[in-house]
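Engineer: Each chain is listed here by its residues.
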Amino acid sequence: MSREYRMTLKKRESLTALLLLLPVLILYTIFYYYPLILSIYFSFTRWNMIRPPRWVGLRNYIRMFNDRFFLDAVYVTTIYVFSTVLINMILGLFFALLLNRPTKLAALTRALIFLPVVIPEAAAAGTWTIIFAPGPYGYANYILNRLGIPAVKWFDDPSLALLMIIIYSIWKNVGFNTLVLYSALKAIPIEYLESAQVDGASDWHISTKIIIPLLKPIIVFLLVTSIITAWQIFGPVYIITKGGPGNATRVLGIYLYQVAFEEARAGYGSAIAVFLTAVILVLTIIQIKWLR
Amino acid sequence: MRYKWNRKEIFAHILMVFINLVVLIPLYFLVITAFKPYEEIIRVPPTFWPKEFTLENFYSFAALRGVNLLRALANSFAVSAMVTLGTVFFSTLAGYTFAMLRFRFKEAIFIIILTKYMLPTAILLIPWYWIMRTLRLIDTLLAVAIVNIIGAWTIYYMRSYISQIPKDYVEAARIEGANDLQIFTRIIMPIVKPALGTATIINFLWSWNYFLWPLIILNSKENFTMPIVIAFVRYVGYGGGELLNYGGVAASSLVYALPIILLYTVLQRYIVESFVASGIKR
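Listed in order, the protein sequences are those of chains A and B. If you count by our numbering, then the first sequence holds residues 573 to 864, one letter each, in order. If you count by our numbering, then the second sequence holds residues 5 to 286, one letter each, in order.
The list that follows gives simulated cross-link-like pairs (lysine-lysine, DSSO-like), each with its CA atoms no further than 27 Å apart:
1) LYS8/B - LYS676/A
2) LYS676/A - LYS12/B
3) LYS197/B - LYS110/B
4) LYS120/B - LYS861/A
5) LYS110/B - LYS861/A
6) LYS120/B - LYS197/B
7) LYS8/B - LYS781/A
8) LYS582/A - LYS110/B
9) LYS171/B - LYS197/B
10) LYS583/A - LYS171/B
11) LYS781/A - LYS12/B
12) LYS781/A - LYS861/A
13) LYS12/B - LYS758/A
14) LYS758/A - LYS8/B
15) LYS814/A - LYS225/B
16) LYS781/A - LYS758/A
17) LYS171/B - LYS110/B
Simulated from the structure, these hints should not be mistaken for lab results. All figures in this text were calculated on a predicted structure; none of them were measured in a lab.
Using the sequences and the accompanying hints, generate a full structural model.
Structural biologist: Following this line, the structure appears as structure tokens:
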């Protein structure tokens, strides 16, 4: 093969590559890189989406940290993220160990516990909206009633409203952790566990001293990815409480939507979006470092 | 080892029954509420089987304000079809390119594409809205779909899958005079079929969930997708306040979830494996 021929081959290959990547590159440029840069630019402007944006420097960011509603939103989001991620992880681990049994019922439970994960968020949120109907006619209130607790106005009490979102979130997501951990569990060589059993180790000992350390990488991965997804929650909150009562369940996603699209303060909204992204970027970097 | 039933195992299985009930009872409430007339929904104590079956929840709110459940379902299908087909098609081409071809800046381009996967949609929404206004695409299903035809995960997944194909296969075909199109359709495609299935399912399930972006970009009721209808229908019909349109919420949630529930009953193992392999739920 002559040198020139090889050159043309190489050129042809690059050309083919460019051609095949072209649709993806075009879509990425228009709907990803360009918006990313625009968003950062908008965050330094005052802009109502009608008149051209006006440069205001760091004013949006300074305002953000003096904005009580923003700080409240960060607070609510943090509570939501920590409680759901923690509960989902503990329950997920427990369920994975529980369902790691060779019976038919265990197999059926593994299939059913994953059903809420695939059910669309809005439908799941709609389901819980109905269950938490505030009058004595609501299903949740009826069950509480039978247990001797008077009907509760779920949507009027700040802590109950957040509790609803947390209950929804556990029902919806715990199956994911369960099955990811279960499939990791099945990869552990059975000899490990049998030899421990022969040595007379208790179930608790086997779980905490052998299984959980072996699952640590996947647990860390699940923790970080669920924090990242939980931090962005919007849809279910919008459907169940719309952020209310007051600002009790107004998570960052809801606040961003209200600021940018209901009040048309797109500059300030962009600053909030940049903040939200920065947090996720930090978490992603931690994840990459931690998993190494 | 034979399975031994002792007190602990029996307790474990009682717990499993309990878990199944917690999963299923909310869905049962959803189904019965969808078929109850309004008077029965607000009856105390609630009924656990509709005394009187009605289909009014599936259309009455609709007739009232111009929302049509079938139309919304079709809109959702249209968006998911555009996103899934577009993403899988373009991502397979890109995956093949990254896995099989040599060109400059390959790694750099690949990594830049992957960053999309880490960043939240939140940071793109305002510019997207602005771009759509410039393109005069506000209030269209195309606008909902097109921004999502950039599946970083799908590109990553297809690249990994195609990388497993021995390069010798491709080289041998090339020496025998096959061009890239022939290599792609005759050699690559048959091998990646299972991966295409996984990518299609995952992308369909993801796109079926889109909520925030359509909420922003869609204005007219005839363009609403299912989740927007669910969010909207709640405040329609019974004067607001505490007495919301629970029947409408139930009926629309049921219609929205049913295709996915059916899909899951048929492809349960496959879907779980795809999700677990993808490592992500959203």
